[in-house]
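Novice: Those protein sequence lines, which keep their order, are chains A and B. When the letters of the first sequence are read in order and numbered with this note's numbering, they come out as residues 1 to 259. When the letters of the second sequence are read in order and numbered with this note's numbering, they come out as residues 1 to 138.
Since the hints were made in silico from the structure, they are not lab data. Honestly, I wouldn't trust all of these hints.
To be verified - Within a straight-line C-alpha distance of at most 30 Å, the following computed DSS-like cross-link-like pairs (lysine-lysine) qualify:
1) B:Lys29 / A:Lys215
2) B:Lys29 / B:Lys110
3) A:Lys141 / A:Lys258
4) A:Lys215 / B:Lys22
5) A:Lys169 / A:Lys127
6) A:Lys90 / A:Lys169
7) A:Lys215 / B:Lys137
8) A:Lys215 / A:Lys127
9) B:Lys128 / B:Lys29
10) A:Lys215 / A:Lys90
11) B:Lys128 / A:Lys90
12) B:Lys22 / A:Lys169
13) B:Lys102 / B:Lys137
14) A:Lys141 / A:Lys90
15) B:Lys110 / B:Lys137
16) B:Lys102 / A:Lys90
17) B:Lys128 / B:Lys102
18) B:Lys110 / A:Lys90
19) A:Lys215 / A:Lys258
20) B:Lys110 / B:Lys22
21) A:Lys129 / A:Lys215
22) A:Lys169 / B:Lys29
23) B:Lys22 / A:Lys127
24) A:Lys215 / B:Lys128
25) A:Lys127 / B:Lys29
26) B:Lys137 / A:Lys129
27) A:Lys90 / B:Lys29
28) B:Lys128 / B:Lys110
29) B:Lys110 / A:Lys169
30) B:Lys102 / A:Lys169
Unchecked claim - Per the computed footprint, the stretches of chain A lying under chain B, defined by three or more beta-carbons under 8 Å from a beta-carbon of chain B, are:
31) 87 to 97
32) 108 to 114
33) 201 to 214
34) 218 to 226
Model, not experiment: these values are computed from the prediction. We put the beta carbon where it would ideally sit given N, CA and C, even for glycine.
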Amino acid sequence: MGREVVGELTGLRLVKSFLCFQIALFFILLWPFTSSAVTAIEQSRRLQLVYSHLLDFRSNAAPIYETSGTLEVSVDLQPMPDIDARIGAKTEPVETLPVSGRLRLRGFLFDGWMLGISSVPGLTIGKQKATALQTEMGLRKTWGSIQTGLRVSQSLWEILGQMTTTRYKDRLENRQQNIDFSLGLDWSFWQPYAGIGRGILNSEFWIEESQITLKIENHVYSYQFVGLGLRENTWSFNFEQHRTEDFLLHFQLSATQKF
Amino acid sequence: MRVTYDLLLFLLSASLLFGCSKADTLGGKAPDEVVISGTPTWENGIGDLVRSKCASCHVIPFSFYSPHNTPSTLNLSVYDNSSNIRGANILGIWINNGILEKALTGVARKMPLEYATPLTSREIESLKSWSTSGSPKN
């Protein structure tokens, strides 16, 4: 009998969570992708922005208030979208893996304060070597089942390898600062949430063959996200769908062990 | 632990169903085009076309997009020569010699380069028409 009641409640929560999640996702997907005829320089800049945003470290967690002393270790995975790497009449021979990832550590201090660090430690994948480091600080507050989170972060990326040609090694260096706010609900082990964020990107792309550096300086951008967290004992899993500027949709998954 | 696996499986399934991953890189978009009406001259359209499709690299001083081997004595953003810098008036000869179709021995590679904005068929037609008529300024 008890199991039946719990089962019904869980089913109701599931329906509620997904209704909320789908509505948010629907609004995100409503924004159309638009663009007209372009120059090669515009294509080059857009490609650099897309790769930079895909490197961006996001929250990838529901803004759940955790007690002081809690430590989280996470693995984040990000499926990569299909990327049309054509610039002018040339298709850049960049080969990305279907999935990228990072390791993340978050510690919760007093009154909802959070510190975090993420890393991709010099991983050589295919023809490229990626190194990344991110630090973040956040504040989470709770009012009953309503949860809020404010987060600032800084990421540094360096990718070395074959990007514009297979005969030379190029280098992409990114610096990004982000701030985002998220609002969520804590329904037992379901945590639907949504948020908005702003970022500043500084990117330098050194092309060895041409010996030029393509720079993106102080590019301010916005992003929105909806997510769903699932929590069971000390484990939690998370799905987060992102929309960045008006040209990129991507999602991230994470598995977290809490100590 | 069984519940944990179920949740993970559920989340992965939900991600596959609802996750959206898409990037508009502009890679599939048509190249920008300068359409010229009337007789093409430097002042009537060719100047805009050459500045858009050629002078993004061939300009003095060099632009951020100019590769390292770009000639330092060629400025296609202007028509006339100045001191030791050649202007776009030289283009007519090169176009007549086929630079839009092949590399010219001792002069240049086939232009535009593959990672530059491609010329459309109408633009090529306008450039050839301008060249055969002596690449006039006005």
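Novice: None of the hints should be skipped; say for each whether it holds.
Specialist: Hints, verified against the model:
Between B:Lys29 and A:Lys215 the CA atoms are separated by roughly 23 Å; this keeps the pair inside 30 Å, and the hint holds. The straight-line distance between the Cα atoms of B:Lys29 and B:Lys110 is roughly 23 Å, inside the 30 Å bound, and the hint therefore holds. With a C-alpha separation of about 19 Å, the suggested pairing of A:Lys141 with A:Lys258 holds against the 30 Å cut-off. At roughly 24 Å between alpha-carbon atoms, A:Lys215 and B:Lys22 fall within 30 Å of each other, so this suggested pair holds.
Simply put, A:Lys169 and A:Lys127 have alpha-carbon atoms about 9 Å apart, close enough for the 30 Å limit, and the pair holds. For the hint linking A:Lys90 to A:Lys169, the alpha-carbon distance of about 17 Å falls within 30 Å, and the restraint holds. This hinted pair does not check out: A:Lys215 and B:Lys137 have alpha carbons roughly 35 Å apart, beyond 30 Å. Only pairs whose Cα atoms come within 30 Å are accepted, and A:Lys215 paired with A:Lys127 is accepted, the gap being roughly 23 Å.
Proposed proximity of B:Lys128 and B:Lys29 is supported: the alpha carbons are some 25 Å apart, at most 30 Å. For a cut-off of 30 Å, the pair hint linking A:Lys215 to A:Lys90 stands: about 20 Å separates their Cα positions. For the suggested pair B:Lys128 and A:Lys90, the alpha carbons sit about 24 Å apart, so the restraint of at most 30 Å is met. A hinted pair counts as satisfied when its Cα atoms are at most 30 Å apart, and B:Lys22 with A:Lys169 qualifies at roughly 27 Å.
Using a Cα cut-off of 30 Å, the hinted pair B:Lys102 and B:Lys137 holds, with the two alpha carbons roughly 25 Å apart. In summary, the hint linking A:Lys141 to A:Lys90 is not supported, as the alpha carbons are separated by about 50 Å, beyond the 30 Å threshold. A hinted pair counts as satisfied when its Cα atoms are at most 30 Å apart, and B:Lys110 with B:Lys137 qualifies at roughly 24 Å. A threshold of 30 Å between alpha carbons decides the hint, and for B:Lys102 with A:Lys90 the separation of about 17 Å falls inside it, so the pair holds.
With a CA separation close to 14 Å, the supplied pair B:Lys128 and B:Lys102 stays within the 30 Å bound. For the hint linking B:Lys110 to A:Lys90, the alpha-carbon distance of about 14 Å falls within 30 Å, and the restraint holds. Note on A:Lys215 and A:Lys258: the hinted pairing is violated, with a Cα-Cα distance of about 40 Å set against a maximum of 30 Å. Taken as a hint, the B:Lys110 and B:Lys22 pair is broken in the structure, with Cα atoms around 34 Å apart against an allowance of 30 Å.
Pair hint A:Lys129 plus A:Lys215 holds up; C-alpha atoms about 20 Å apart against a cutoff of 30 Å. Note on A:Lys169 and B:Lys29: the hinted pairing holds, with a Cα-Cα distance of about 27 Å set against a maximum of 30 Å. Proposed proximity of B:Lys22 and A:Lys127 is supported: the alpha carbons are some 24 Å apart, at most 30 Å. For the given pair, A:Lys215 sits about 35 Å from B:Lys128 by alpha-carbon distance, which is inconsistent with the 30 Å threshold.
Of the supplied pair hints, the one linking A:Lys127 and B:Lys29 holds, its CA atoms being roughly 28 Å apart against a limit of 30 Å. Restraint check for B:Lys137 and A:Lys129: the C-alpha separation of about 51 Å exceeds 30 Å, so the hint is violated. Taking the CA atoms of A:Lys90 and B:Lys29, the gap is about 13 Å. The hint holds against a cut of 30 Å. With a C-alpha separation of about 15 Å, the suggested pair B:Lys128 and B:Lys110 falls inside the 30 Å cut-off, and the hint holds.
A distance of roughly 25 Å separates the Cα atoms of B:Lys110 and A:Lys169; the hinted pair therefore holds under the 30 Å criterion. At roughly 28 Å between alpha-carbon atoms, B:Lys102 and A:Lys169 fall within 30 Å of each other, so this suggested pair holds. Taking a C-beta to C-beta cut-off of 8 Å, the segment 87 to 97 of chain A contributes 5 residues in contact with chain B, enough for the three needed, and the coverage statement holds. Residues of the segment 108 to 114 of chain A lying with their CB closer than 8 Å to a CB of chain B number 0, which falls below the three-residue condition for coverage.
Chain B is given as covering the segment 201 to 214 of chain A, and this holds because 6 residues of the stretch bring a CB closer than 8 Å to a CB of that chain, at least three being needed. Against chain B, the segment 218 to 226 of chain A contributes 0 residues with a C-beta closer than 8 Å to a partner C-beta. That does not satisfy the three-residue criterion, and the hint is violated.
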